[in-house]
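Construct the entire structure; sequences and hints are all you get.
Chains A and B, in that order, give the protein sequences.
Using my numbering, read the first sequence as starting at 1 and increasing by one per residue.
Using my numbering, read the second sequence as starting at 286 and increasing by one per residue.
Among the clues, some could well be false.
[Stated by the list, open to error] Facing chain A, from chain B, some residues (calculated, C-beta under 7 Å): (1) A288; (2) T291; (3) A385; (4) N517; (5) K519; (6) G550; (7) P554; (8) S558; (9) I561; (10) T562.
If you are wondering where the hints come from, they were derived from the structure by calculation, not from laboratory data.
For glycine and all other residues, C-beta sits at the position ideal for the given N, C-alpha and C.
2 protein chains.
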Amino acid sequence: VLACETFQHTGSFKFRAAQHVAAHVPHNLLITASSGNFGQALAYACSLLRKSCIVVMPVTSARVKIDAVREHGGVVELVDTQRKSRAERVHELSLRYPEAYIASPYDDPLVIEGNSSLGREISQLRDRPDVVVAPVGGGGLIAGIIKGLADSKAEIEVVGAEPLLGNDAARSLRARELLQNTTEPATIADGARTLSLGKHNWSIIREAVREIVEVSEESIRESVRLLFSLGNVKVEPTGALSVAAVMTRPDVFRGRSVCCVISGGNVDPAIYSEIITGRSLPQGL
Amino acid sequence: VLACETFQHTGSFKFRAAQHVAAHVPHNLLITASSGNFGQALAYACSLLRKSCIVVMPVTSARVKIDAVREHGGVVELVDTQRKSRAERVHELSLRYPEAYIASPYDDPLVIEGNSSLGREISQLRDRPDVVVAPVGGGGLIAGIIKGLADSKAEIEVVGAEPLLGNDAARSLRARELLQNTTEPATIADGARTLSLGKHNWSIIREAVREIVEVSEESIRESVRLLFSLGNVKVEPTGALSVAAVMTRPDVFRGRSVCCVISGGNVDPAIYSEIITGRSLPQGL
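Below you can see the structure in the form of structure tokens.
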């Protein structure tokens, strides 16, 4: 079973958390740093709730991503990350707007609670799977799924899927302590380019997850291609991590019914084309 | 509302008809001529019913399409269409296998009956649309939808969407008689490269359809791009005809709730990449 969050509002699971955060804090202004799906999701959630939203994005962000935040009514603050980190810019904004809530894309109990709705939905499937596989970046999705399954008293194993290039979560699980990547991982799965798990997420993951499968960049690309050609599903590279995990470690899944969480579908057309054709576009094309 | 047949068995609406035909004829061997979705769908339907299936395809067919028929257990008969037409080859096979049923991809009451299930499903939507837009090639899909909606006593208008390059159905409707294209239309919507409507379909369409919107090749491409970028839906060009119709004739749809039938999702990665990036790949890349 593919649990496709590609058709969620704003095209990824991030809307679950963004909506929950925006609806449950009393603040009328929310600020976040996100170049990706959380920024879009928060902007849209705030527009539905008639709240305001500032999204800090690097000046190098893809035009379509900046436009998407603006279309949902979000204010985009561009930051030159060569000169100032996104965290610094968020801090400055928090001083200028002391009434604002600083929303973390993944390290907040409200994020886990928001994402838990996906776990509850999976537990209600007519054919309940034996195991759920979910991408791991900051860990908010998998922690939410674990909580949702627990809320539903569904005894379903949860397995993580993480890029080998940014395997802080798998290493943390082996070491039994929260470890970090030293630099932002250069994985094609941009939703998993996080330095470490959120603390709240780690406390859930360390108790409930036995296995985080580390997948190669090529297996991520191959999974995007498979979902394109065999499933007619358009996924972003991060969304293909779960299928990549199944292909990488068939021994973990053999003979079991598996639900792969496809976390999102937002991907630049040029990158997607390069992946599905298996060829790089020449420079400047 | 998008009615997505991209997730139907074998990736297009054709399975509805193929399954119905294969299940309702007493023959154990079925023969069809199809380089596209119907061949795959019939092969799969026959495999489920433990029947045999021969699919006549041009030698120039894409490798992936030939492989897809074979993977479903179909026997592929390649024909060099420079030397012999597909119809001739089918006729030869019908003489060699007199016990076989020759299955038309679109001109057969069983095809209409099979496709009518989609009309019944649309009539059961919680928010019933005012109008359904469906691609028109041989006309089996739109005729089936009309029949299904009539079966359900749902008063929903049905509008057709056809490539301007192969506008035999629109011209037929204006002339009130069944007209043909003189040559196979060179539209990118390969599911609509038919010479004319099936006779059974025409008798339904002429009574029930007031409007067939003719769409340009560029609007088909633009619709594939829109569905990719705004909907995360992977569609084949033929599947985007209905959205192209809405964009081409907003006056027909303004103020009404519209259900666009996305008829299928099977498209070659190279062609899809060319469409979504808006650029042709250089020769040989």
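Hints versus structure:
no., hint, in the structure
1, A288, "violated (14 Å)"
2, T291, "holds (4 Å)"
3, A385, "violated (30 Å)"
4, N517, "holds (3 Å)"
5, K519, "holds (4 Å)"
6, G550, "holds (3 Å)"
7, P554, "holds (4 Å)"
8, S558, "holds (4 Å)"
9, I561, "holds (4 Å)"
10, T562, "holds (5 Å)"
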